[in-house]
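We have chain G already, so just place chain B on it with the hints.
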Amino acid sequence: MEVALSHPPTAPGVLMPRRLHSFPGGVHPEDHKAESNATPIRAMPLLARYVVPLRQHIGTPAHPVVRVGERVLKGQVIGAAEGYVSTAVHAPTSGTVAAIEARAVPHPSGLFDTAIVIDADGLDEAVECLPLDWRGMDPSALRNRLREMGLAGLGGAVFPSYIKLNPGAAKGGTGQIHTLILNGAECEPWITCDDRLMRERAAELMQGVAVMRHMLGAREVLIGIEDNKPEAIAAMAAAADGAAEVVAVPTQYPGGGGKQLAYTLTGVEVPAGGLTTDLGIQMFNVGTAYGLYRAVMHGEPLISRVVTVTGHVAAPGNFEVRLGTPISDLLAAAGGSLPGGSGELVGGPMMGFDLMDLAAPVTKAVNCIIAKSPALFPARPAALPCIRCGACARACPASLQPFEMYWFSRAKDFGKAQGYKLFDCIECGCCSYVCPSHIPLVDYFRFAKSEIWEREREKQASDQARTRHEFKTFRLEREKQEKAEKFAKAAAETKAKAAAPEAEADPDAAKKKAILEAALARAQKAKAEMAEAGITPKNTDNLPPAVQREIAEIEARREHAVEAAGTGLDTKENG
Amino acid sequence: MISAILVMAAIGLVLGGVLGWASIRFRVQEDPLVDKIDAILPQTQCGQCGFPGCKPYAEAIAKGEVAINKCPPGGTEGIKRLAELLGVEPPSADGMEIKPKAIAIIDENTCIGCTLCIQACPVDAIVGAAKQMHVIIASQCTGCELCLPPCPVDCIRMEVVKEDLATWKWRYPIHRLRQVS
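Quick mapping for you: the protein sequence lines, in order, are chains G and B. Be aware that the first sequence starts at 0, since it is given in numbering that gives the first Met the number 0, and climbs by one per residue. Be aware that the second sequence starts at 0, since it is given in numbering that gives the first Met the number 0, and climbs by one per residue.
Okay, chain G solo, but in the shape it has when bound (with noise of 0.2 Å):
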């Protein structure tokens, strides 16, 4: 389905109308931007104390490469990559490291997690920061240096940013990425950080744009946000100046989902199970654009976001937070909760989740905060079963059927729910938005998927034991035959060498052999003539007559003694 759409007329920088597709299902949510969109992005006091945790982007956790007690200056790597997926953490101020522990974390399990905690000194003092010969540099050595600068996608998904900001990254279709696509289309109702920052900070996340175009060697550069924006429109469209392609895009949830603003803004459809990058488009959402302008016009690591805070709150608006804020704090400086809050919501309605605890800190990935009440989100009412209507199927973006997947992934058949692409579904909540039985089928396929994923894991850690076990069978096996081996030798060289003196004293130990076994016969001989005589042998015979006797007298004496000893016995035991 492919529709021309209108531009607003109002923005200078827009360039012809582009040709619009418009992606399948998805709703119209209130879009409750106003609440904090009208102010500028405010910046938070140097707080006491920041909770850095290492376990703020998609991947290996950082490991901690400071000591408790150690100094450490704002920017300072407190948490380095481990492995290819990771990126690392810095210190958001100077201080001390007060301790290295699990402590809350913005998660939807409430668990506790390994994380830095830095007592600040307040003299906010920073490390040295040189900006970077971008153009110059190296590629690859311009990549590990935003590895080490903690960058990572801002968007939500907080995937390492130096992995995606390689040309080389598509590995299908023409195998180079042709197209940059910055995703400021903020879909979701509430959040409205990405709006203020392309208002306040367009000529500068711009030349983050430009930093991202070198890296990727892309030919077109496309800004989507959506029209419920004009301003950030506006502002960008300014900002460019014929740089990049800003386009407004129909305000439709979810119009910032990966898939959704590529099919919006190219008409490319992303198959089953791949990714944009697969077919040559890369895309980055604003904030990280801004954050790449700070770590290479300016040398700094990603130590601060932009994080929206709305909902019940006396002063809701935008704040620029260093990552390890506790999220408690930042929530008295957009003047607090109001009374009669019901909790407070990370992320956005739709796919955020609730808070467990207030200790927790703001983090790469939190973008948006949202005090509760119940008059701003009533309780869900009690589901009632599905009908089958097919209202999630229509309003699903990846064109799948929500309520098969749900029949099986409440069943816990997992193949079938799979079977029906359940990988494909990006939890984006429509379905269960406009699920007239309000049933949480999001919940259903994160149960699924988390619970398939687990399996997997189980899978390849038995594949793995019987590996070994086979193995170790194999190896005593191995050493048991080498061993029966080696002593088989080692008993042949015992009898060869036993044989070799034989063979060289050959005369000599023949005529031994003969004299030898002809004693022997002469004996046996003797033996089988004396049993044919019933004579028992004795060998007192050619004794002298005196000798016999007193042999005699002492055997008689013997026998008495045993007959003794036997009665003696007998009265013991009866008595």
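Keep in mind the hints are simulated off the structure, nothing from the lab. Among these hints, one or two may not hold up.
Straight-line alpha carbon distances no greater than 25 Å define the calculated DSS-like cross-link-like pairs of lysine-lysine that follow [said to hold, decoys possible]:
hint, chain 1, residue 1, chain 2, residue 2
1, B, K130, G, K411
2, G, K458, B, K54
3, G, K494, G, K471
4, G, K415, B, K54
5, B, K161, G, K458
6, B, K98, G, K415
7, B, K98, G, K411
8, B, K69, G, K458
9, B, K168, G, K420
10, G, K479, G, K494
11, G, K411, B, K69
For chain B alone, coordinates are given in the frame of chain G:
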């Protein structure tokens, strides 16, 4: 009459030959039942089923010599999958002491380096040498507990694997269905 019998016999021989050749040439290497059962078993190699490892237990199941509810690490889920594979009614898991997944930890201060646990480990997940401290490779430990009895100084303990952010799973959604009359 005789020629007809000969012709039929010749045809029979030729066709029989073709079939015989085809049965060898196009033989379908079917996945043997033992491997399928073995794939379901958790490969802890713990011997709690009474067999020296998962493979011998799989072989015994395939021969129908033993019940399918003898594997505590596989749990009720394992019984269910085995029953599905074999087309039988899943037997109860009663009498099976199902424990949460745990891994062995060696107390480094107490270990005397006797290598007995190394010999007992079915998956070679313990590293060490005579009179040298031993250590367990946590990622390879199946939690079979076979290293516990041989240790002369009781320096090995089992520690239940805690859920962390990397292994955390979304829970099964529990929502009340509203009663409609």
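K98 (chain B) and K411 (chain G) were given as a pair; does the straight-line alpha-carbon distance stay at or below 25 Å? With a Cα-Cα distance of about 22 Å, the restraint between K98 (chain B) and K411 (chain G) holds, given a limit of 25 Å.
Tell me if the straight-line CA distance from K415 (chain G) to K54 (chain B) falls inside 25 Å. Given that 25 Å is the threshold and the Cα spacing comes to 29 Å, the pair is violated.
Does K411 (chain G) lie within 25 Å of K130 (chain B) when you go C-alpha to C-alpha? Not OK: K130 (chain B) and K411 (chain G) at ~50 Å, beyond 25 Å, violated.
Pairwise hint evaluation, K471 (chain G) against K494 (chain G), where the allowed Cα distance is 25 Å at most: violated, 34 Å
Could you grab the alpha-carbon distance between K479 (chain G) and K494 (chain G) and see if it respects the 25 Å cut-off? Roughly 22 Å between the alpha carbons, so the hint for K479 (chain G) and K494 (chain G) holds.
Is the Cα-Cα distance between K411 (chain G) and K69 (chain B) 25 Å or less? holds, 24 Å
With a cut-off of 25 Å on the C-alpha distance, tell me whether K98 (chain B) and K415 (chain G) pass. violated, 29 Å
Is it true that the CA of K168 (chain B) sits at most 25 Å from the CA of K420 (chain G)? With a Cα-Cα distance of about 20 Å, the restraint between K168 (chain B) and K420 (chain G) holds, given a limit of 25 Å.
Between the alpha carbons of K69 (chain B) and K458 (chain G), is the straight-line distance 25 Å or under? The given pair, whose Cα atoms are some 20 Å apart, holds under the 25 Å limit.
Are K458 (chain G) and K54 (chain B) close enough, with their CA atoms no more than 25 Å apart? Given that 25 Å is the threshold and the Cα spacing comes to 16 Å, the pair holds.
Within 25 Å, alpha carbon to alpha carbon, are K161 (chain B) and K458 (chain G)? Distance ~19 Å between K161 (chain B) and K458 (chain G) Cα, so the pair holds.
Violated hints, listed in ascending order, are 1, 3, 4, 6; each of the other numbered hints is respected by the structure.
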